[in-house]
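J.: Listed below are the residues making up each chain.
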Amino acid sequence: MSAGKRTPLYEAHRALGARIVPFAGFEMPVQYTSILEEHAAVRNAAGLFDVSHMGEIHLSGPGAVASVERLVSCPVASLQTGRVRYGLLCNEEGGVVDDVTVYRLADDALFLCVNASNIEKDYRWIVRHAQRDARVEDRSDRFGLLALQGPASTAILSHVATLPPAMKRFRFVPGSVAGAHALISHTGYTGSDGFELYVEAQDTLRVWHALLEAGKPLGLLPCGLGARDTLRLEAALPLYGHELDDTTSPLEAGLARFVKRETGGFLGAEAIERRAQEPATRALAGFVVEDRGVARASYAILHSGERVGVVTSGAPSPTLGKSIGLGYVPPALAVPGTSIEIGIRERAVAARIVATPFL
Amino acid sequence: MADYEIPAELHYTREDEWCRVEGNRVVIGVTDYAQQQLGDIVFVELPAVGTAIERGEPFGVIESVKAVSDLYAPVTGEVVEVNADLGDRPEQVNEDCYGDGWLIAVAISDDADLTEHLDAATYRRHVEERGQE
Numbered sequence: 001m002s003a004g005k006r007t008p009l010y011e012a013h014r015a016l017g018a019r020i021v022p023f024a025g026f027e028m029p030v031q032y033t034s035i036l037e038e039h040a041a042v043r044n045a046a047g048l049f050d051v052s053h054m055g056e057i058h059l060s061g062p063g064a065v066a067s068v069e070r071l072v073s074c075p076v077a078s079l080q081t082g083r084v085r086y087g088l089l090c091n092e093e094g095g096v097v098d099d100v101t102v103y104r105l106a107d108d109a110l111f112l113c114v115n116a117s118n119i120e121k122d123y124r125w126i127v128r129h130a131q132r133d134a135r136v137e138d139r140s141d142r143f144g145l146l147a148l149q150g151p152a153s154t155a156i157l158s159h160v161a162t163l164p165p166a167m168k169r170f171r172f173v174p175g176s177v178a179g180a181h182a183l184i185s186h187t188g189y190t191g192s193d194g195f196e197l198y199v200e201a202q203d204t205l206r207v208w209h210a211l212l213e214a215g216k217p218l219g220l221l222p223c224g225l226g227a228r229d230t231l232r233l234e235a236a237l238p239l240y241g242h243e244l245d246d247t248t249s250p251l252e253a254g255l256a257r258f259v260k261r262e263t264g265g266f267l268g269a270e271a272i273e274r275r276a277q278e279p280a281t282r283a284l285a286g287f288v289v290e291d292r293g294v295a296r297a298s299y300a301i302l303h304s305g306e307r308v309g310v311v312t313s314g315a316p317s318p319t320l321g322k323s324i325g326l327g328y329v330p331p332a333l334a335v336p337g338t339s340i341e342i343g344i345r346e347r348a349v350a351a352r353i354v355a356t357p358f359l
Numbered sequence: 001m002a003d004y005e006i007p008a009e010l011h012y013t014r015e016d017e018w019c020r021v022e023g024n025r026v027v028i029g030v031t032d033y034a035q036q037q038l039g040d041i042v043f044v045e046l047p048a049v050g051t052a053i054e055r056g057e058p059f060g061v062i063e064s065v066k067a068v069s070d071l072y073a074p075v076t077g078e079v080v081e082v083n084a085d086l087g088d089r090p091e092q093v094n095e096d097c098y099g100d101g102w103l104i105a106v107a108i109s110d111d112a113d114l115t116e117h118l119d120a121a122t123y124r125r126h127v128e129e130r131g132q133e
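Protein chains in written order, with the numbering used here: chain L, 1 to 359; chain U, 1 to 133.
A few chain U residues that don't get close to chain L, going by computed Cβ distances all over 12 Å:
#1 Y72
#2 E78
#3 T122
Interface residues of chain U toward chain L, partial, derived using beta-carbon atoms under 8 Å:
#4 G39
#5 D40
#6 V42
#7 F43
#8 E63
#9 V65
#10 K66
#11 G87
The calculated lysine-lysine pairs, modelled on DSSO-like cross-linking and capped at a C-alpha distance of 30 Å, are:
#12 L/K5 with L/K216
#13 U/K66 with L/K5
#14 U/K66 with L/K322
#15 U/K66 with L/K216
#16 L/K216 with L/K168
#17 L/K5 with L/K121
#18 L/K121 with U/K66
#19 L/K168 with L/K260
#20 L/K121 with L/K260
Just so you know, the hints here were simulated from the structure itself, not pulled from any lab data. In this text, a Cβ means the ideal position worked out from N, Cα and C, and glycines have one as well.
Next up, chain U with everything else stripped away, as it sits in the complex (with noise of 0.2 Å):
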């Protein structure tokens, strides 16, 4: 089976997109496994700044060369930074998908409710348990 990269210290959830928490403001981008499973992406199209989003709801597209994927929100909050070098190059997920592929960046509110998040252990084996399908 394929090894993923699925860093310790990131939130995940099950529509595999990890959220890294600093205070009030979520980075958002999809994982390793995502990205492979993906292919080369082609486009990626994301709100703009300023724009609400609510957990669990699309935000954005992420399109391969033969498909198209809905981005869905993994917190509340309001859109406060979007990855602007992804309309050039949004090769960029593929080759660095939690460092220059990030997406968006959110400001939540304080009593934002995170636990659905998976923990890296956890989203690990949401990634083997559909790789033995």
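For reference, chain L alone in the conformation it holds in the complex (with noise of 0.2 Å):
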């Protein structure tokens, strides 16, 4: 078996006796003791991922805003400098090519962070059609990325690091951590409050120490991949792959509020548009399981026996004791309450369409 990259922490998570497992090209930790445990711990501490595997895409120079305002589907020239915004990058038939975070560094200086799988894709894709006056660099291997998140997250991160008071979600300060340079950033993929904090590489894994020595007292659990996705589908959160691909609208996924729809004049603006103007044929929604079984991805949605459907993400919701999932229906049956199945096996298990978040 060839091994796969490795961020500067895959010896720590050996040493903790993780399950290893590979994900986009990369060894990572799927968990540490056990899933249920890891996201239990966010939910009522806190807990501290590696995401090192992650990419920052970053754009410099005068024509950076330009650029990254005609790529992406939020608005970038009233992004002030120290704030961040969640958007997609769209192609020409109005699907998703990646959902990012820009970060606006400077004037002339913004980096998107963006999803492992994608960053090459992502990476040709953007210097395929920034302007010739911007500086586009990936700079994915100059960086560990750790999130910390649970309602502990404020508290431990204040032993190590100095917080600007009252902090907004959205908002990112250059600072350090463990007395190493660091952008916290005040966002995250749980649903419950936290940081992420981008770092050199080579100060990973002594950031990774000092807030696993400074959080233990209050509950802090390192937490592996198999945790973050439980924890982002009961928040609803898109996965590229599964919610988003490239046949996906954003608007069919629910996100028209990250895509400026007045403005346009971004990459896929105009077949976004032209798809609005078309009866849609899906809307994601939300469902949970109310008879016994988990639907995971790719199983069917039933209505009245006929498959009108597909779940695009499904797993047991350990806050809520039962199994969730999101899919696409037709958009008449997106409506809370509504009853559907869910195929599971040679069963059609009852389900409902409920209101997202989950919690």
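Can you join these two chains into the complex? Each is in its own frame, and there are hints to help.
T.: Here is the structure:
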């Protein structure tokens, strides 16, 4: 078995007894002790994730802001230094190339945090469509990224970093964590409060250990990708390759609020509007399984015995004690309270559309 | 390497199931190695009492948070008892896989061939070989 890429924390994960799995070309921890225990830690105390496999694509120069404005679905010129926005890179058919967060570093500098599975694709896409007076660099290997998530996050981080008082979400500041230079971002992918910390690759291990130590008395656990997935599912956050792919329109996926529809002018805007004029064929909806069984990605969604859609993500919800999921259904059925069934092997298991997020 | 409990008096299969033979009745479950590999068990699907099962064929499903795994019949026979606790507490398989985490009991015929089962020492070697991958 050929080894995948490793983050700076690979040996630390092994030392903690993590189960390592291949993910997006990396060897990543899926769990340390138990997915359910790690998930509960984030909801009740805090969890620390190594997400260094994610990518950072940096743009600078006079054309940087205009380039990103043209590339992403969210407004960029109005994004102030020190702020972050979620948006989508779209293709000319109005589908999604990737979902990203955009960080405004300075007047003429930004970076996009992108999914690990799409780093090369996104880099080539951005280079192809950026203006000539924008410099584009893939800085993914230069950075480690740690996500500290859960209600105790602020308290834990305050032990090893100086945080601005009452720092709002979707803001970031340059700072120092355990003596290492870091971008401290008040963002996350779990639905609980927390931070994402961008550090130089060679500082990742030191910061990881400092946070684990500071957080131990407050119940901080190291958490793997297994819990990361069950947490984001409870928060109904999309995962590229599941809810989003190059055929899905952001509008179908319920992401209209991240699309600058009035001004348009970004790659894919025209196709998105054209598709929006036609009757929608599907809409993303959340559901809860009501009978025995676990819904999982690719299972059929049924209505009155007919297959009408597909599950894009499904798992047990540790917090709710039920199986939940996201899937595409005909828009008429995407109404909370609608009864559906999930095809789980030979059974049609009762489920119900619910409003999201699930918590 | 993790320490796996492998009681000496049980039979084992390469699919990480155990059998406790009580005359013509065989109680079946998954091993400590299996429950550790699977992680938190969240759902178990077992056949109804009266179902005929055939050695080597799947007879049910055991699900962890992330994965669905088939359960393979270690014997041929008829299901006579199913562990009803597992509906509400699938985690019993993790907590006590050789005791309260048992899955089904099967009635086997007098001339059932159990010689392909592994003894504890052979099963331990089978576990260790995979741990070295």
